[in-house]
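J.: Quick note on numbering: the sequence shown equals residues 1 to 319 in the UniProt record's numbering.
These aren't lab readings, by the way, just hints derived from the structure by calculation. One or more hints might be untrue.
[Unchecked claim] Ranges between beta-carbon positions, derived for each pair: (1) VAL115 to LYS180: 19 to 29 Å; (2) GLU158 to MET238: 35 to 45 Å; (3) ARG220 to VAL115: 27 to 37 Å; (4) PHE151 to GLU56: 41 to 51 Å; (5) ALA274 to GLU28: 36 to 46 Å; (6) LEU91 to LEU303: 38 to 48 Å; (7) SER310 to SER48: 26 to 36 Å; (8) ARG309 to ALA266: 14 to 24 Å; (9) SER68 to THR297: 28 to 38 Å; (10) SER60 to TYR130: 26 to 36 Å.
[To be verified] When the alpha-carbon atoms are kept at most 25 Å apart in a straight line, the in silico DMTMM-like pairs for lysine to aspartate or glutamate are as follows: (11) LYS86 to GLU170; (12) LYS36 to ASP63; (13) LYS36 to GLU65; (14) LYS180 to GLU158; (15) LYS36 to ASP6; (16) LYS36 to ASP108; (17) LYS180 to GLU170; (18) LYS86 to GLU318; (19) LYS86 to GLU158; (20) LYS86 to GLU206; (21) LYS180 to GLU65; (22) LYS180 to GLU318; (23) LYS36 to GLU158; (24) LYS36 to GLU318; (25) LYS86 to ASP3; (26) LYS86 to GLU73; (27) LYS36 to GLU61.
Don't be surprised by glycine CBs; every beta carbon is placed ideally from N, CA and C.
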Amino acid sequence: MTDAFDPRTAAIVIVTFNRAQLLARALESVGRMDPKPGRVVVVDNASSDDTASVVERFQSELDTELVSRRLDENTGGAGGFSEGMKTAYALGSEWIWLMDDDVEVLPDGLARMGVWAPRFRHVQGRRYDYDGSEFYWQYRVSTALGIPIPFAPAGFDESGYREMNSGCFEGMFIHRSLVKRIGLPDPRFFIYWDDTIYGYLASRYEPCVIVDEFVLQRTRSIKQWDMGTRHLNASSDMYRYYIMRNRGIMSHYYRAHGDYRPLAFALGTAATFAKELIRLGFVERKITRRGWSNLWTGMRDGLALSRDRSFEIMAPLED
Numbered sequence: 001m002t003d004a005f006d007p008r009t010a011a012i013v014i015v016t017f018n019r020a021q022l023l024a025r026a027l028e029s030v031g032r033m034d035p036k037p038g039r040v041v042v043v044d045n046a047s048s049d050d051t052a053s054v055v056e057r058f059q060s061e062l063d064t065e066l067v068s069r070r071l072d073e074n075t076g077g078a079g080g081f082s083e084g085m086k087t088a089y090a091l092g093s094e095w096i097w098l099m100d101d102d103v104e105v106l107p108d109g110l111a112r113m114g115v116w117a118p119r120f121r122h123v124q125g126r127r128y129d130y131d132g133s134e135f136y137w138q139y140r141v142s143t144a145l146g147i148p149i150p151f152a153p154a155g156f157d158e159s160g161y162r163e164m165n166s167g168c169f170e171g172m173f174i175h176r177s178l179v180k181r182i183g184l185p186d187p188r189f190f191i192y193w194d195d196t197i198y199g200y201l202a203s204r205y206e207p208c209v210i211v212d213e214f215v216l217q218r219t220r221s222i223k224q225w226d227m228g229t230r231h232l233n234a235s236s237d238m239y240r241y242y243i244m245r246n247r248g249i250m251s252h253y254y255r256a257h258g259d260y261r262p263l264a265f266a267l268g269t270a271a272t273f274a275k276e277l278i279r280l281g282f283v284e285r286k287i288t289r290r291g292w293s294n295l296w297t298g299m300r301d302g303l304a305l306s307r308d309r310s311f312e313i314m315a316p317l318e319d
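With the sequences and hints as input, model every part of the structure.
T.: Shown next, in the form of structure tokens:
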């Protein structure tokens, strides 16, 4: 790409669920941005708090168009980002910037991302953690194993970027031309691995990069195990189920693109199971019967999904 970046062609997509106060902070940060995006799309995953009133307030306060989509049921992050991307795409946005409700956008965040827009169609910026520390995101995935590579270098050279073959919906900045070729994020993931697969698909078409630009700040504290550069965050029993179950969906995407290696992928599934046990023991300091059970149930359901011959991956978008 060579065209100069116009911030008015960008849309920020925020997915929220029952975190009205965090959503308000996110929208306040949009108000401080310079430059600002052309529009903001808020996807409300059927919240039961006062999220609707927060959205209504900012529709009149922001000097940027705010489009609201309230879903009839909670479709998880995957469903929310799928609907948000669909909305932004239908409205004609050239660039779509995805994020959760528990971050603030740094004032010059869009300008920093826009610097890379003429060169790449899929860009991932960096994020400060809640305490101001630099968050390390595992941007490389072993396709054979289907898991992140934990020792991928954290530093950057003089180029200011590193190529990635994954994605993260907390900060994914993607061009509509690439969205058209991939299709929408798969809402069947509900939560977890959805952005990993979407980034994998993007990297099959275009060089995708994480850049040495801090553009987001987390606004919610998460219990974690500090391992130096890397951290292991606390999770939940629901997450543990989907972490295992969704590997069945992942296998279909890898299979469709000729990258599925059954034995290696099974090893990656075992490694994922072990990692979740470590998370239970060292981060949350509890190994409950429910947590253990959700891992087993998720793995069982994932195996059944992987064997479902009627499963079809998401299709590219039409004009």
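J.: Name the hints, by number, that the structure is in violation of.
T.: 14, 19, 23, 24
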